[in-house]
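*Asks:* Top to bottom, those sequences are chains P and B. If you use the numbering used here, the first sequence corresponds to residues 4 to 114, in order. If you use the numbering used here, the second sequence corresponds to residues 2 to 113, in order.
Take these hints with a grain of salt, some might be off.
[Said to hold, decoys possible] Listed next, the in silico BS3-like pairs over lysine-lysine satisfying Cα-Cα at most 25 Å (straight line): (1) Lys73(P) / Lys63(B); (2) Lys12(B) / Lys99(B); (3) Lys63(B) / Lys79(B); (4) Lys16(B) / Lys72(B); (5) Lys54(P) / Lys72(B); (6) Lys72(B) / Lys99(B).
Treat the hints as calculated values from the structure; they're not laboratory data.
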Amino acid sequence: GQQLNQSPQSMFIQEGEDVSMNCTSSSIFNTWLWYKQDPGEGPVLLIALYKAGELTSNGRLTAQFGITRKDSFLNISASIPSDVGIYFCAGLDNYGQNFVFGPGTRLSVLP
Amino acid sequence: EAGVVQSPRYKIIEKKQPVAFWCNPISGHNTLYWYLQNLGQGPELLIRYENEEAVDDSQLPKDRFSAERLKGVDSTLKIQPAELGDSAVYLCASSLYKDTQYFGPGTRLTVL
């Protein structure tokens with residue numbers, strides 16, 4: 004089946020730094036979603052991408068739908084302590100029915 | 002607008018006992034999903050409903066898991082009997098159009 008890989012698996016950054024993470028697959032996806040999950044909570048939708056090459060921002064977050072449709076990227080600018088959490092990407096499968104989730108990138112922000 | 006509601010938030014049971022989780026989706030969302038999330042992993046789909054019909058239950062372990070969405074609104078996921086390996090977070094999500102989905106807070110199950 005279709006699978007997603009996320010890198011890095013985890014990262015430690017200083018407050019104020021910019022963050023980049025990505026999501027890749029050997030399969031083509033037609034929609035990409037990025038979520039953030041805090042401990043003990045469900046994933047919260049951050050950004051949705053529907054078109055190859057699309058670049059979408061949500062405050063300090065910017066995500067891009069890769070041209071090949073096999074990857075997506077999430078950038079966070081000027082990180083703050085509340086950015087700590089696990090970031091998941093999800094791609095809509097070839098049949099347009101179900102989302103496949105990556106294993107997540109765990110972000111830690113050091114003061 | 003209220004989000005996806007799940008209850009209970011936490012459940013601790015002994016193995017071989019039954020357990021049930023409840024989900025109320027966002028009003029008007031006709032698609033409802035149940036996911037399993039193991040520690041350190043992303044959510045994995047168990048079952049997807051379109052209104053009251055289970056249109057994809059291929060990943061649901063049907064020997065012990067069952068689900069229902071009788072009136073096409075709220076849904077219940079049941080495990081009977083529970084096993085140690087069922088300890089995980091059970092997430093419910095809903096969507097209006099299948100190009101996005103919104104999650105509830107999840108139910109954390111611990112099987113002793």
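*Asks:* Each hint needs a verdict: does it hold in this structure or not?
*Replies:* Tested hints:
Restraint check for Lys73(P) and Lys63(B): the C-alpha separation of about 33 Å exceeds 25 Å, so the hint is violated. Taking the CA atoms of Lys12(B) and Lys99(B), the gap is about 30 Å. The hint is violated against a cut of 25 Å. For a cut-off of 25 Å, the pair hint linking Lys63(B) to Lys79(B) stands: about 10 Å separates their Cα positions. For the suggested pair Lys16(B) and Lys72(B), the alpha carbons sit about 31 Å apart, so the restraint of at most 25 Å is broken.
At roughly 35 Å between alpha-carbon atoms, Lys54(P) and Lys72(B) are farther apart than 25 Å, so this suggested pair is violated. For the given pair, Lys72(B) sits about 20 Å from Lys99(B) by alpha-carbon distance, which is consistent with the 25 Å threshold.
Consistency note: the structure conflicts with the earlier hints numbered 1, 2, 4, 5.
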